[in-house]
Amino acid sequence: MRTIDRTSPSGSTAVQGWLLLLPAFILLLAFTHYPAVATLIDSFYSTPKGARPSVWVGLDNYDVMVHDPVFWKAATNNLWFALATIPCSIGIAMAMALWVNERMTGRGFLRMAYFTPTVLPMIAVANIWLFFYTPGYGLLEQIAGLLGLPAHNWLGDQHTALGAITVVAIWKESGFFMIFYLAALQSLNPSLREAAAIEGASRGYFFRRVLWPLLMPTTLFVMINAVINAVRMVDHVFVLTRGGPDNASTLLVYHLFQVGFSYWDTGYAAAITVVLLAVLASVALFQFFVLDRKVHYK
Amino acid sequence: MKPSAPSRLVYNDPGWIDTLAAWLLALLWILPLVYAVWTAFHPSEYSTRFSLLAPLTLDNFAHAWAAAPFARYFLNTMLLVGMILGCQLVLSTLAAYAFARYEFPGKNLLFALVLVQLMIMPDILLVENYKTMARLGLVDTLLAVGLPYFASAFAIFLLRQTFLGIPRELDEAARVEGASAMQILWRIYVPLARPVYTAFALVSVSFHWNNFLWPVIITNSVTARPLTVGLQVFSSTDQGVDWSIITAATLMTSAPLLIGFLLFQRQFVQSFMRAGIK
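Top to bottom, those sequences are chains A and B. Per my numbering, the very first residue in the first sequence carries number 1; after that it's consecutive. Per my numbering, the very first residue in the second sequence carries number 1001; after that it's consecutive.
Just to be clear, a hint being listed does not mean it is correct.
As the list claims (entries may be wrong) - Under 8 Å between C-beta atoms, here's a sample of chain A residues computed to sit facing chain B:
#: 1; residue: 110
#: 2; residue: 117
#: 3; residue: 127
#: 4; residue: 290
Stated by the list, open to error - Simulated coverage check for chain A against chain B, where a stretch passes if three residues somewhere in it have a Cβ under 8 Å from a Cβ of chain B:
#: 5; segment: 58-71
#: 6; segment: 74-86
#: 7; segment: 95-108
#: 8; segment: 118-126
#: 9; segment: 180-192
#: 10; segment: 259-273
#: 11; segment: 277-283
Hints were generated in silico from the structure; no laboratory data involved. All C-beta atoms in this analysis are idealised placements derived from N, C-alpha and C, irrespective of residue type, glycine included.
Work out the full structure: start from the sequences and follow the hints.
Pasting the structure below:
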């Protein structure tokens, strides 16, 4: 009979462990770690052109970036996009979850309606929204027309294009975040509510003093996801505005796409990627060192 | 006890204002979809005119289907989604088993390196991954669309957690019976983790069915394009095509997920929940 010794594994089990890990790890190295490091290195090299290979250019690509007005436009847009989508989608998600968690008429329908945008392809729903926004024809225009408001080209106007794509993003992700709140609410002890009722706490008080703090870990988890989404969500920009008009609705990843794959300026694209990686890494570090230490109610 | 206490027990049940607000929000949320369904199933002259007498038609779907190689796109997406899911399940099961039940030098470091992918998704590393695919001669192939996603840190993490929760007594008993490590994995761990596999599968399938950015970069021909890219090419190049046909195409590409979701709503919601709560 074989025995296994847990405290000091023999060499062969260590080798087995490595072998089991190997295939997944090679792929992770090839498509996550290697490209992340290669991006950093490439950001210090020029873009190879024709017969000219890339050469070390130091911080030139970053210099181009700092002097690229479109980059700053994309960064500012992305900041506004994040500042609008994160709190709005979290607030709506929380409201949705609180409602769906109650014994409310048509609860099944409500949950379905809220969650449906999550399962649909962004590219597909963006087409529907495009139709919505179309001037003189779309539904929005018809409603505005009924109310006697003038026609407005929502996607073609520099002042409203970014807002229009922000609304689509909020619509798409709120239902997804609702799920996490719903799970948290369902795990709460029902006696909390009874106790609050007996104490005569008002609804608002109960939410502020009991639900809100108990949902805090969920809110922070959702917030991290919302930040990541604010960086990577660009599919709808391809359909709705293509970053226009005059870069009014371009986002960082969309700008990266244009620089890398429309202008094929891979050196500069690497510099932009480094900025994005830095943003994501700081989110990760914040989560790891600040949140994971502070937020534990269990 | 005060006589009013029992009635207070329902004090924070939703009132009619909540119900009304919840319904308004739900109608607003579902409106784009309802509108798309309306447009797709009616002749184009009714796309912005609402009348109960409007005739129903499937012509828009027929037109869309004929106007672009959607059959091929469907095939590509299904192959892609199947290929990615298959590889993810096999590779992450093996890796998660190693992390959960083996001791080897560097285990913690390796696990931390795996978790890096949770933050730095392949979709940000477009330029370098494109170069890698070019070096491998894989540009414009289905394999290139799927390859960066075959190893999923998320799946490894999820399965490791599940495997760690399985009592060790089970594998010791199996070992006494003479089962090998792989047999234990296959006969004990995999069956016990089935709900997690279902949850991950639903999340993975909906993610990759919907994925767009990487596929649009790495593909440039009909033979490799998945549905999302095909739909984008269709709706952006054929300007002047009427909206009814575009919405029909839009619904067509989302239909399998949408129908699956409507039929298995509970599983979908629970899977997303299970996958999200780590």
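Verification of the supplied hints:
1. 110: holds, 5 Å
2. 117: OK, holds: residue 117 (chain A) within 8 Å of chain B, min 7 Å.
3. 127: holds, 5 Å
4. 290: violated, 15 Å
5. 58-71: With 0 residues in contact (Cβ-Cβ under 8 Å with chain B), the coverage given for the segment 58-71 of chain A is violated.
6. 74-86: Answer violated; 0 residues pass the 8 Å Cβ test.
7. 95-108: Held - the segment 95-108 of chain A has 10 residues with a Cβ nearer than 8 Å to chain B, which meets the minimum of three.
8. 118-126: Since three or more residues must qualify, the claim that chain B covers the segment 118-126 of chain A holds, with 8 doing so at under 8 Å.
9. 180-192: Held - the segment 180-192 of chain A has 3 residues with a Cβ nearer than 8 Å to chain B, which meets the minimum of three.
10. 259-273: holds (count 6)
11. 277-283: holds (count 4)
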